[in-house]
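Residue numbers (our numbering), protein chains in the order written: chain A, 1 to 333; chain B, 334 to 666; chain C, 667 to 874; chain D, 875 to 1082.
These aren't lab readings, by the way, just hints derived from the structure by calculation.
Since the model is a prediction, treat every value here as computed from it, not as a measurement.
One or more hints might be untrue.
Claimed, not checked - Mimicking DSS-like on lysine-lysine, the simulated pairs with C-alpha atoms at most 30 angstroms apart in a straight line are:
id	chain 1	residue 1	chain 2	residue 2
1	B	Lys335	A	Lys2
2	B	Lys561	B	Lys617
3	D	Lys896	D	Lys995
4	B	Lys335	A	Lys228
5	A	Lys284	B	Lys335
6	B	Lys617	B	Lys644
7	A	Lys228	A	Lys2
8	D	Lys896	D	Lys939
9	B	Lys335	D	Lys896
10	C	Lys688	C	Lys787
11	B	Lys617	A	Lys2
12	D	Lys896	A	Lys228
13	A	Lys311	A	Lys46
14	B	Lys561	A	Lys2
15	B	Lys561	C	Lys688
16	C	Lys688	C	Lys731
17	A	Lys2	C	Lys688
To be verified - Only some residues are given here: those of chain B computed to face chain A with a beta carbon under 10 angstroms:
id	residue
18	Lys336
19	Val345
20	Ser348
21	His350
22	Ala355
23	His356
24	Pro392
25	Leu540
26	Asp542
27	Ala636
28	Leu658
Note that CB positions come from ideal geometry on N, CA and C, so glycine has one too.
Chain residues, written in single-letter form:
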Amino acid sequence: MKKLINRPEDVVVESLHGLAAAHGDLLRVSFDPLFVVRADAPVADKVAIVSGGGSGHEPLHAGFVGRGMLDAACPGEVFTSPTPDRIEAATRAVVSGRGALHIVKNYTGDVLNFETAAELCRADGIEVEAVVVADDVAVEDSTFTAGRRGLGTTVLLERLLGAAAERGLGLDALAALARRICDTGRSMGVALTPCTVPAAGRPTFTLADDEIEIGVGIHGEPGRERAKLRPARELMEQVAGAVIDDLPFRDGDDVIVLLNGMGGTPLMELYLLYNELHRIVAAKGLRVRRRLVGNYITSLEMAGFSLTLLKADDELVALWDDPVLTPALRWGC
Amino acid sequence: MKKLINRPEDVVVESLHGLAAAHGDLLRVSFDPLFVVRADAPVADKVAIVSGGGSGHEPLHAGFVGRGMLDAACPGEVFTSPTPDRIEAATRAVVSGRGALHIVKNYTGDVLNFETAAELCRADGIEVEAVVVADDVAVEDSTFTAGRRGLGTTVLLERLLGAAAERGLGLDALAALARRICDTGRSMGVALTPCTVPAAGRPTFTLADDEIEIGVGIHGEPGRERAKLRPARELMEQVAGAVIDDLPFRDGDDVIVLLNGMGGTPLMELYLLYNELHRIVAAKGLRVRRRLVGNYITSLEMAGFSLTLLKADDELVALWDDPVLTPALRWGC
Amino acid sequence: MATLARFAAWIARLDAVYAEQKDYLTDLDAAIGDADHGINMARGFAAAHQAIVAAPPADVGALLKAVAMTLIRTVGGASGPLYGTFFLRAAPVAGAVAEVDAAGVEALFAAGAAGIAERGKAVVGDKTMIDAWGPAVEALGASRAAGGAVADMLAAAAAAAAAGRDATLPLVARKGRASYLGERSRGHIDPGAASTALLLAAAHETLG
Amino acid sequence: MATLARFAAWIARLDAVYAEQKDYLTDLDAAIGDADHGINMARGFAAAHQAIVAAPPADVGALLKAVAMTLIRTVGGASGPLYGTFFLRAAPVAGAVAEVDAAGVEALFAAGAAGIAERGKAVVGDKTMIDAWGPAVEALGASRAAGGAVADMLAAAAAAAAAGRDATLPLVARKGRASYLGERSRGHIDPGAASTALLLAAAHETLG
Ligand SMILES: Nc1ncnc2c1ncn2[C@@H]1O[C@H](COP(=O)(O)OP(=O)(O)O)[C@@H](O)[C@H]1O
Ligand SMILES: Nc1ncnc2c1ncn2[C@@H]1O[C@H](COP(=O)(O)OP(=O)(O)O)[C@@H](O)[C@H]1O
Ligand SMILES: [Mg+2]
Ligand SMILES: [Mg+2]
Ligand SMILES: [Mg+2]
Ligand SMILES: [Mg+2]
Chain A
1 MKKLINRPED VVVESLHGLA AAHGDLLRVS FDPLFVVRAD APVADKVAIV
51 SGGGSGHEPL HAGFVGRGML DAACPGEVFT SPTPDRIEAA TRAVVSGRGA
101 LHIVKNYTGD VLNFETAAEL CRADGIEVEA VVVADDVAVE DSTFTAGRRG
151 LGTTVLLERL LGAAAERGLG LDALAALARR ICDTGRSMGV ALTPCTVPAA
201 GRPTFTLADD EIEIGVGIHG EPGRERAKLR PARELMEQVA GAVIDDLPFR
251 DGDDVIVLLN GMGGTPLMEL YLLYNELHRI VAAKGLRVRR RLVGNYITSL
301 EMAGFSLTLL KADDELVALW DDPVLTPALR WGC
Chain B
334 MKKLINRPED VVVESLHGLA AAHGDLLRVS FDPLFVVRAD APVADKVAIV
384 SGGGSGHEPL HAGFVGRGML DAACPGEVFT SPTPDRIEAA TRAVVSGRGA
434 LHIVKNYTGD VLNFETAAEL CRADGIEVEA VVVADDVAVE DSTFTAGRRG
484 LGTTVLLERL LGAAAERGLG LDALAALARR ICDTGRSMGV ALTPCTVPAA
534 GRPTFTLADD EIEIGVGIHG EPGRERAKLR PARELMEQVA GAVIDDLPFR
584 DGDDVIVLLN GMGGTPLMEL YLLYNELHRI VAAKGLRVRR RLVGNYITSL
634 EMAGFSLTLL KADDELVALW DDPVLTPALR WGC
Chain C
667 MATLARFAAW IARLDAVYAE QKDYLTDLDA AIGDADHGIN MARGFAAAHQ
717 AIVAAPPADV GALLKAVAMT LIRTVGGASG PLYGTFFLRA APVAGAVAEV
767 DAAGVEALFA AGAAGIAERG KAVVGDKTMI DAWGPAVEAL GASRAAGGAV
817 ADMLAAAAAA AAAGRDATLP LVARKGRASY LGERSRGHID PGAASTALLL
867 AAAHETLG
Chain D
875 MATLARFAAW IARLDAVYAE QKDYLTDLDA AIGDADHGIN MARGFAAAHQ
925 AIVAAPPADV GALLKAVAMT LIRTVGGASG PLYGTFFLRA APVAGAVAEV
975 DAAGVEALFA AGAAGIAERG KAVVGDKTMI DAWGPAVEAL GASRAAGGAV
1025 ADMLAAAAAA AAAGRDATLP LVARKGRASY LGERSRGHID PGAASTALLL
1075 AAAHETLG
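Next comes chain A alone, as it looks inside the complex (with noise of 0.2 angstroms):
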């Protein structure tokens, strides 16, 4: 394992030693217990919005901390979920009287120790509403599986979310902008290298020199199948095929495009690969209203990429086109 680190137990720790070093002036990093708010919290008046998460996916949640996005963001061990109590101080932290959106990846980890800090703040009478981010194709929703796995929706969902509580929408008509979000972004994923957990000293998976991963999860999860290497255009037209049937997106529709790197992949790699999607979006008459290409929800240094398509609308580009200042998401200030 080469990794630029310490110790492997310190490292979520020391890294947000460093983030807070780096960006005191967006936010402030708690340490016991461990959770990430922006540097004006609590704002009057204004709903929190509070995600969180494993560690090893930066920029995801901590990088996206300040006016505009998130409220607070609650790292947990790499790949492993949060625990309740900081959930719920977090949550604490950063609430104002307009009560809390939970913002939760739908991994079972997640799912179990935000409904327990959801729980833990209800009873002390602060209003929490939580959505899940299940937008990963790769995984058949039924109920023989734990549901689709969150991906990529989640980063376009914080910052639409941010910026409508921002605006001073209320706690259930964020809970419904939500849910309409969740349920019109879908995404896909596809490693070609695994990644190793500090702690764990080596790969989670491994992959042949010809081998990819094609649905792989952010956690290094396998995936849909395992395939050969392909070209770029053929792995584009696979993943934006399965992305785009799925909802499915139709001739016309405006949609926000992120292309995801997963941490080690060179953005070289990931503009060439937009130009594949922009080919293709553009033959099924989609229209591409906003973009992000790069890397925002990662799996350590994992090599590859996620496409997440979100069906947009006026309101949401207006949304998303409002200020916002976080570490990894800047613009309009």
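Since chain A is already given, all that's left is putting chains B, C and D with the ligands on it; use the hints.
Leaving out everything else, chains B, C and D with the ligands in the frame of chain A:
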């Protein structure tokens, strides 16, 4: 070689097609000859800032084209400097009567090709000044080498000169400012893994499982020392020590910091390194006025980092804070 | 009779067992999950052991509660809330007592396991820790009905849990992270079922 | 006499040679540079060859100029401007002629090599292509002074360039990318010296 590409020989052009498709609001790409210019070029009554170099270092340079940074970028083949005809054409496309400043990283190929391009421009009555960035402390600066290599100071220089040009500074003043920045910026890099040029198909160098390259160049050139992997703390002490001692930076100095990932380094590790750096510069009495943490001058999928320190003052910090609107760096608008 | 000291010994033993079996459990999780189950369990029970050493609880209920809260705070993942729920539900069933008899042991294990099933909504056959808990609790009851002492009951439970663990091998997972694999989850033992088997084996060694 | 057809054959041969030797040159560059020299040379001479096939130049000077401009436009890196300069300086020395005699051959190679040295500011011993060019041009002159024909001159030049290439092995680089390595550049042949030796060997095979 596992890459998200089609044919190795098309990587640069296809990636630029993607860049153009994603950021048509900010920039335009000319494909023959190959260069990238800001969407509103030429900007009237402004010195044009032009840079370029081999591809594979994204977002450098094309990702920095836009308001407050570069007017044009000239991408070469992967790790191969662009040819003079492209540089000349790019310069012509953005120049507006107040001349152009070429920002060149000190590699023999870049220097020779930019020199030729400048001659071609001047022969045609276009005023061109060039500044050569040679900030890599890993290399001895003596008559026995081609001089120091250009590293992270390039990114800071592109941002600061872009801001100064936007304020209306003339070519001579910009060239003087550029030389001052080059004189007071220092960098050094470390590789944990090598990288593979697509057309070559295999890694540029090899490192054993426990080996790292200290002082690596951005094309995978070997550096000061091949050493054993060590904790982030020791590594940062060595790298920051080398950078700080070289100028030297002294107690009370203001600095702008770039803690840069090489392309394959997770953000979690970069922030962990930033934590170590923060401790070291605080102990040295340096005041970090501004900082960037992320992938800005990369080497394809290489895992590793580089550190750049630039002596700052209120003037540079004010320039830094001016609006910038490019694919990879954006604030104030 | 399972005394307070024996419950404390159980937790101490679990600390040692999960430290020892960390790689085994993590390897199982690497095959069909995210390669952290051993790490999670070792971290949680090290903390739980430390908590009851640092502030020795006055009775069995308090000890189980302290373990529950520590697991919930330190484990995370799916297994944190699930094992946390086990101890949380077991605590009031045991109550503020210095020792627990056979009926009490059966009751507290049954309540804890029911809590896990409720929280995780899994049933036997879903290829989760419930595949070990279900048969174990049944075996406990059967052994006590047949007049077994606490030691006999826990021996039966440990054996049933181990069998339940092994029975997960051919199953397709329907809950938790492994369910994303569909058919590809076949041929692997569920890590949570394995950690449950270890928990009951340790109970047999210490509580009886 | 080196005819226009022979010059064209030389460029065609260089296209073939660098395509064949791409990996060899790139491997040399991987050791002490950035692993692209073979790729650069193959790309450049493929384009140069194509250019003179697509639009056959009318005379030797025009051919050398066309090659120069194509190399400058397509190679990049350090070697692009350097080899480009060679052909650019050689072109007017050859002039608008259909063939070049021994004196002309010496003059055009000398002018071209001097252009490289001027542009790159390297001298023999710096471990660059100049270590092949320097001895080659000297050998050309010596051979002609001794009454050699074009074929003899180029045989001598090719041999001298190959020796110059081999002599770079123990040197420490003082120019170009390899100079960053300091002592670690010892023990490797300079890729540019190797491509120059190939260029002169091809000249011997085609121009004489
Ligand atoms: N819904 C569920 N009900 C019961 N047990 C579950 C459920 N989901 C997961 N588990 C158990 O949790 C184990 C995984 O725990 P762990 O690896 O620590 O958490 P995570 O999956 O979050 O990484 C699985 O092997 C399984 O036994
Ligand atoms: N200053 C110089 N003068 C002469 N030749 C040089 C000089 N710098 C580099 N070279 C030659 O160029 C070769 C490298 O060419 P190439 O790999 O194509 O370019 P780059 O180094 O830009 O990748 C070296 O092996 C050396 O022979
Ligand atoms: Mg986990
Ligand atoms: Mg090169
Ligand atoms: Mg797990
Ligand atoms: Mg080279």
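Each hint, compared with the structure:
A C-alpha spacing of about 19 angstroms is found between Lys335(B) and Lys2(A), which places the hinted pair at or below 30 angstroms, so the restraint holds. Of the supplied pair hints, the one linking Lys561(B) and Lys617(B) holds, its CA atoms being roughly 26 angstroms apart against a limit of 30 angstroms. The hinted pair formed by Lys896(D) and Lys995(D) meets the criterion: a straight-line CA distance of about 26 angstroms does not exceed 30 angstroms. Of the pairs offered as hints, the one joining Lys335(B) and Lys228(A) holds, with about 11 angstroms between alpha carbons and a cut-off of 30 angstroms not exceeded.
With a C-alpha separation of about 29 angstroms, the suggested pairing of Lys284(A) with Lys335(B) holds against the 30 angstroms cut-off. For the proposed pair Lys617(B) and Lys644(B), the alpha carbon gap of about 14 angstroms is at most 30 angstroms, so the pair holds. Taken as a hint, the Lys228(A) and Lys2(A) pair is honoured in the structure, with Cα atoms around 26 angstroms apart against an allowance of 30 angstroms. Between Lys896(D) and Lys939(D) the CA atoms are separated by roughly 24 angstroms; this keeps the pair inside 30 angstroms, and the hint holds.
Proposed proximity of Lys335(B) and Lys896(D) is supported: the alpha carbons are some 21 angstroms apart, at most 30 angstroms. This hinted pair checks out: Lys688(C) and Lys787(C) have alpha carbons roughly 26 angstroms apart, not beyond 30 angstroms. Restraint check for Lys617(B) and Lys2(A): satisfied, since their Cα atoms lie roughly 29 angstroms apart, inside the 30 angstroms limit. Distance restraint check for Lys896(D) and Lys228(A): the Cα-Cα separation of roughly 28 angstroms lies within the 30 angstroms cut-off, and the hinted pair is therefore satisfied.
Using a Cα cut-off of 30 angstroms, the hinted pair Lys311(A) and Lys46(A) holds, with the two alpha carbons roughly 26 angstroms apart. Taking the CA atoms of Lys561(B) and Lys2(A), the gap is about 11 angstroms. The hint holds against a cut of 30 angstroms. With a C-alpha separation of about 28 angstroms, the suggested pair Lys561(B) and Lys688(C) falls inside the 30 angstroms cut-off, and the hint holds. Our distance criterion of 30 angstroms between C-alpha atoms is met by Lys688(C) and Lys731(C), whose separation comes to about 24 angstroms.
Annotation: proposed proximity of Lys2(A) to Lys688(C) holds, straight-line Cα distance about 21 angstroms (limit 30 angstroms). Interface hint at Lys336(B): satisfied, since its Cβ lies 6 angstroms from the closest Cβ of chain A, which is below the 10 angstroms cut-off. The interface hint given for Val345(B) is met, as the beta carbon of that residue sits about 8 angstroms from the closest beta carbon of chain A, less than 10 angstroms. Because the closest C-beta pair between Ser348(B) and chain A is about 4 angstroms apart, less than 10 angstroms, the hint holds.
Because the beta carbon of His350(B) sits about 4 angstroms from the nearest beta carbon in chain A, less than 10 angstroms, this interface hint is met. Using the Cβ-Cβ criterion of 10 angstroms, the hint placing Ala355(B) at the interface with chain A is satisfied: the shortest such distance is roughly 5 angstroms. Among the interface hints, the one on His356(B) holds; its C-beta lies about 9 angstroms from the nearest C-beta in chain A, closer than the 10 angstroms criterion. Evaluation of the Pro392(B) hint against chain A yields a held restraint, the C-beta minimum of about 6 angstroms falling below 10 angstroms.
The criterion of a C-beta within 10 angstroms of any C-beta in chain A is met by Leu540(B), whose closest approach is roughly 8 angstroms, and the hint holds. For Asp542(B), the suggested interface contact is upheld, since its CB lies about 7 angstroms from the closest CB of chain A, less than 10 angstroms. About 6 angstroms separates the beta-carbon of Ala636(B) from the nearest beta-carbon of chain A, less than 10 angstroms, and the hint is met. Given hint, Leu658(B) at the interface with chain A, holds; its Cβ is 9 angstroms from that chain's nearest Cβ, closer than 10 angstroms.
In summary, the structure agrees with every hint in the numbered list given earlier.
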